[in-house]
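**Student:** Each chain, letter by letter, is given below.
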Amino acid sequence: MLATVLARLAQMIFVMFGISVLVFLIFFATPGSDPAARIAGRNAAPETVEQIRREFGFDRSLPVQYAVMMKRLFVTRDLTSFVNRGQKVIPQVLDAVPATLSLVAGAAVLWVIGSLFVGVVAAAMRDTVVDRGLMILSLIGISMPVFWLGEVMNLLSQSRFHDTWLFSWVPGLGYVPLSESVGGWFKALVIPWITLAVLYIGIYGRILRANLIEAYSEDYIRTARAKGLSPTRIMLRHALRTSLLPFVTMFGLDFGALVGGAALLTEVVFGLNGVGRLTFHALQNLDLPVILATVIYASFFVVAANAVVDMLYAVIDPRVRK
Amino acid sequence: MTLLDVNDLRVSFASERGPLTVVHDVSFTVGTGEVLGIVGESGSGKTVSLLSVLGLLDKRVTTVTGQVSFRDQSLLDLPDREMRKIRGRDIALISQDPMTALTPVHTIGAQIAEQIRAHEDVSRKAVRARAVELLRDVRIPAPEQALDRFPHELSGGMRQRVAIAMALSCNPALVVADEPTTALDTTVQAQVLDLLRALRQSHGSSVVLITHDMGVVAEMADRVAVMYAGRVVETGPVADVFNDPWHPYTWGLLASIPPLTGPRQGRLYSIPGMPPAPGTALPGCAYAARCPSAMPICQTPPPEQGDGAHRALCFLDAGQRAKARPKAGALA
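Heads up: the protein sequence lines correspond to chains Z and F, in order.
Numbering follows numbering that gives the first Met the number 0, with no gaps: position 257 of the first sequence is 256.
Numbering follows numbering that gives the first Met the number 0, with no gaps: position 57 of the second sequence is 56.
Hints were generated in silico from the structure; no laboratory data involved.
The beta carbon of each residue, even a glycine, is placed where N, CA and C say it ideally should be.
Just to be clear, a hint being listed does not mean it is correct.
Far from chain Z by the CB rule (all over 10 Å, computed), these chain F residues [what the hints assert, rightly or not]:
id : residue
1  : Leu75
2  : Gly87
3  : Ala91
4  : Ser94
5  : Ala100
6  : His105
7  : Ala117
8  : Glu132
9  : Pro140
10 : Phe314
11 : Arg320
Below 25 Å or equal to it, Euclidean Cα-Cα: the simulated SDA-like pairs (lysine to any residue) are [claimed, not checked]:
id : chain 1 : residue 1 : chain 2 : residue 2
12 : F       : Lys58     : Z       : Ser229
13 : F       : Lys58     : Z       : Ala209
14 : Z       : Lys87     : Z       : Gly105
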């Protein structure tokens with residue numbers, strides 16, 4: 000078990016190294032363009048470009064350039080943005096992380112609980128009105144674009160019904176750090192959480208239902224029934240446990256991607272200064288150092304989330320353990 | 000004494016073209032301590048009949064009618080909650096394929112224990128001791144360690160032993176074994192059959208043994224029911240049916256066993272043709288199309304002939320049978 004974990008961690012570090020090389024090459028070794036000019040941004044002075052070329056070692060070999068870049072990203076952390084004169088990039092990304100992490104983690108709790116409920120209830124009451132109703136609701140949840148749902152939520156909670164008992168507690172848009180006020184953090188995030196989770200409850204609920212129904216045609220479910228176990232026990236201990244693997248796989252990918260910036264739309268709609276929003280603005284300004292930092296940060300999160308998922312596999316399914 | 004009495008059992012599945020009857024008016028009984036062999040080819044309705052008795056068919060798509068009484072209690076009308084108490088405790092099931100019959104994510108110890116705990120209020124420690132005992136009964140080496148193994152860590156034969164141990168865990172009065180040896184190697188088959196026979200003695204359970212192998216029936220069963228296209232076409236004590244089979248289908252089944260004595264045959268006999276598709280409504284005998292001694296009258300429902308416990312659904316009488324039945328080896 001421990002060996003599996005260690006092997007997986009080593010693998011993860013290897014993949015992260017590969018990604019950093021790839022990202023570096025895409026950004027700085029694309030033929031036919033001058034990386035120094037791109038880092039300097041639009042309408043930069045020739046002296047600035049020249050300074051950047053020396054600073055980043057673009058006049059030296061590629062491995063040296065890579066080493067300099069990684070040193071500035073991870074060791075000295077003094078990569079600076081030239082579009083926003085002299086602003087340090089790494090602190091900017093690190094400042095954005097808590098908002099994104101709070102948003103995604105909260106939404107993830109909601110969507111895991113919600114989709115487990117939807118999937119299990121729908122599968123248990125298969126082909127009844129309850130099942131059909133839940134599936135239609137899920138489909139509606141999947142179909143609603145998150146930016147639209149977010150704006151509707153804002154319209155209702157910030158404007159139309161803000162003065163009623165229903166939404167009078169909702170604070171203005173924006174993120175409240177957890178360290179500042181736990182209650183404020185919670186209130187500021189409840190509606191973004193729900194908005195982001197709705198889509199995933201729909202997707203995960205439907206997939207879980209399909210997996211459970213497939214599990215119910217397996218021989219071991221018949222064995223469990225022949226043993227005289229209660230339907231609840233058969234569902235939770237026999238069918239659900241074996242149906243969780245695809246669920247966990249998807250969760251790892253989605254969670255990693257969302258923390259890595261895919262929650263952009265939700266962050267923009269609710270004015271949360273997270274990683275997605277940071278990337279969004281950097282892209283608008285062609286702020287290359289920020290884009291580089293967020294891309295590497297995002298890919299690392301996806302890789303890490305997948306490593307965690309692989310370890311969870313071993314917990315869920317003994318056949319994976321070796 | 001009769002333990003299980005099944006009368007006029009009829010099972011139909013809902014299909015797009017309306018209900019599809021796959022088991023027609025099946026009746027059989029199982030006495031206390033008796034082994035009933037049910038034989039027939041795939042799709043003859045032998046598994047479906049027994050699953051319907053156990054209430055294990057999907058209720059939304061199947062209709063089961065008839066009378067099933069177990070210890071004078073009618074099973075088909077029992078509410079789910081009551082049926083659950085009987086399943087696993089009084090009637091146990093051993094599935095065909097041991098590779099898929101156990102839940103892959105739980106240890107075999109946990110799977111045996113949960114069955115015992117579903118029916119009896121016993122402490123964890125006592126359950127574990129009993130599970131060890133059961134595994135020892137089915138001759139699994141090092142039973143204490145085996146309890147903490149997962150199904151994928153065991154071979155097919157070992158898994159079938161575990162399935163048997165699980166079935167016997169509550170000392171059921173009746174064990175339904177659905178082709179328990181079909182998925183196993185020949186050498187392991189013999190071991191599992193030996194084991195079943197020994198355990199029947201020690202645990203005193205009656206057994207319904209579903210199989211397509213006449214050899215297994217000859218070795219294990221007291222009585223046999225031959226099923227064809229959803230009907231019991233012949234039934235009786237094993238010795239009677241093997242010495243003097245009445246139904247031409249039984250002749251065919253017996254002729255397809257290679258003889259152990261006498262000259263070596265060229266090709267082994269196989270019954271020509273295919274069984275009718277389920278749901279084909281035939282007024283007469285379903286076997287007529289493949290029967291070597293079919294007569295025009297076979298297009299009408301065949302009568303049940305009987306002599307004591309030996310019964311068959313066929314028009315042929317004793318004299319006609321003697322003439323019509325091919326001599327052993329002549330079919331080859």
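**Student:** All hints, please: hold or fail.
**Tutor:** How the hints compare with the structure:
{"no.": "1", "hint": "Leu75", "verdict": "holds, 16 Å"}
{"no.": "2", "hint": "Gly87", "verdict": "violated, 3 Å"}
{"no.": "3", "hint": "Ala91", "verdict": "violated, 7 Å"}
{"no.": "4", "hint": "Ser94", "verdict": "violated, 6 Å"}
{"no.": "5", "hint": "Ala100", "verdict": "violated, 5 Å"}
{"no.": "6", "hint": "His105", "verdict": "violated, 7 Å"}
{"no.": "7", "hint": "Ala117", "verdict": "violated, 5 Å"}
{"no.": "8", "hint": "Glu132", "verdict": "holds, 18 Å"}
{"no.": "9", "hint": "Pro140", "verdict": "holds, 21 Å"}
{"no.": "10", "hint": "Phe314", "verdict": "holds, 39 Å"}
{"no.": "11", "hint": "Arg320", "verdict": "holds, 40 Å"}
{"no.": "12", "hint": "F:Lys58 with Z:Ser229", "verdict": "holds, 16 Å"}
{"no.": "13", "hint": "F:Lys58 with Z:Ala209", "verdict": "holds, 19 Å"}
{"no.": "14", "hint": "Z:Lys87 with Z:Gly105", "verdict": "violated, 29 Å"}
Consistency with the previously given hints fails for numbers 2, 3, 4, 5, 6, 7 and 14, ordered from lowest to highest.
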